[in-house]
Amino acid sequence: MGIQSYFESDLRFYYAVGGFVILVFISGIAVSAILELAVIDQRLIPLIVGFFLFMFVYFISVSVQALEPDS
Numbered sequence: 001m002g003i004q005s006y007f008e009s010d011l012r013f014y015y016a017v018g019g020f021v022i023l024v025f026i027s028g029i030a031v032s033a034i035l036e037l038a039v040i041d042q043r044l045i046p047l048i049v050g051f052f053l054f055m056f057v058y059f060i061s062v063s064v065q066a067l068e069p070d071s
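For the sequence shown, counting from 1, position 68 maps to 68 in full-length UniProt numbering; every step adds exactly one.
Hint data in this document are derived by calculation from the structure and do not stem from the laboratory.
It cannot be assumed that every hint is accurate.
Stated by the list, open to error - Each pair of labels, with its calculated beta carbon distance range:
#1 GLU68 <-> ALA38: 37 to 45 Å
#2 LEU53 <-> SER32: 29 to 37 Å
#3 SER63 <-> ILE29: 21 to 29 Å
#4 ALA33 <-> ALA66: 21 to 29 Å
#5 LEU47 <-> TYR15: 35 to 43 Å
#6 VAL17 <-> GLU68: 28 to 36 Å
#7 LEU37 <-> SER63: 29 to 37 Å
Note that the coordinates shown come from a computational prediction; the quantities given were computed from them, not determined experimentally.
Heads up, the beta-carbon is just placed ideally off N, CA and C, and yes, glycines get one too.
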């Protein structure tokens, strides 16, 4: 069964997708900083704050969906 049984629930899948998106975002910023592909300074703060606000709303909406009764 393994990983398929873990993702049978839509809620777990949505949380996993959100976690993966956060991981890719952080990895991209870290690689850009390490390889000096982009200037990491205070101009990037609004992008980071906006991204994490978006992810916060995403996780809240997934949690609210779990509270809805099944049709």
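Taking the hints in turn, this is what the structure says about them:
1. Between GLU68 and ALA38 the Cβ separation comes to about 41 Å, which falls inside the hinted range of 37 to 45 Å.
2. Separation of LEU53 from SER32 is about 21 Å and departs from the stated range, judged on CB atoms against 29 to 37 Å.
3. A beta carbon spacing of about 26 Å between SER63 and ILE29 agrees with the range 21 to 29 Å that was offered as a hint.
4. The given range of 21 to 29 Å is broken by ALA33 and ALA66, whose C-beta atoms sit roughly 36 Å from each other.
5. The hinted range of 35 to 43 Å is not satisfied by LEU47 and TYR15, whose Cβ atoms lie roughly 23 Å apart.
6. Taking 28 to 36 Å as the suggested C-beta distance range, the pair VAL17 and GLU68 does not conform, at roughly 19 Å.
7. Between LEU37 and SER63 the beta carbon distance is about 35 Å. The supplied range of 29 to 37 Å therefore holds.
Hints 2, 4, 5, 6, counting from the list given before, are not met by this structure.
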